[in-house]
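Using the sequences provided together with the hints, build the complete structure.
The opening position of the sequence shown corresponds to residue 28 in this note's numbering, with each subsequent residue numbered one higher.
Just so you know, the hints here were simulated from the structure itself, not pulled from any lab data.
Just so you know, these numbers come straight off a predicted model, no measurement behind them.
Any given hint could turn out to be false.
Stated by the list, open to error - Here are the simulated BS3-like cross-link-like pairs (lysine-lysine), alpha carbons at most 30 Å apart as the crow flies:
#1 33 with 124
#2 177 with 33
#3 154 with 124
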Amino acid sequence: MIDHSKTLQIISYLLEYPDAEWREEFSLYRQMLGEVSVPQNRDALAEFFDYVEEQGFAAYEEEYVRSFDFSQNTNLYLTMHDRTDFGKQANEMVVFKQMFLDHGFDITNELPDYLPAILELASTLDKRETFTVLAFAKQKIELLRDRLIKAKLPHVFLLDVVLTVMTRLEEQ
28 MIDHSKTLQI
38 ISYLLEYPDA
48 EWREEFSLYR
58 QMLGEVSVPQ
68 NRDALAEFFD
78 YVEEQGFAAY
88 EEEYVRSFDF
98 SQNTNLYLTM
108 HDRTDFGKQA
118 NEMVVFKQMF
128 LDHGFDITNE
138 LPDYLPAILE
148 LASTLDKRET
158 FTVLAFAKQK
168 IELLRDRLIK
178 AKLPHVFLLD
188 VVLTVMTRLE
198 EQ
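Take a look at the structure:
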């Protein structure tokens, strides 16, 4: 698998809700770090895995719920962060949904603007298509990143890696 794909797949996993299945897959995804060839990305992801382990799964799950499920400012639904124009929000949802459909995916358990789902989709695509998906979401990812910084949440480092992947794809 190409480096950007593996990196985005790991980040998608790390941003998912840390339920029992997530905890069972934790060591598998941690082992996948060896397939990330960009040292800075690999190191940032390894530090996040370390952070989760240091917290313990129960404490991390509580932090995750407070950070993403109970906060409108830092939730993982990208179109929810700028809710001043509901027509624009609806149009963006349609575009995200179409991205999934155009690549043979139809997500039924999540809204199409759910960041882990978008990253998972991007991880299955070639470099050009991955860049297109991430470029459409870039402003929303940057807004979420800024809010994670203000909330002092460690997940900001995951978004830094996403933006780094995007920059590398743009340069290629």
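#### Entry: Violated constraints from the hint list, given by number and in increasing order
The structure breaks none of the hints.
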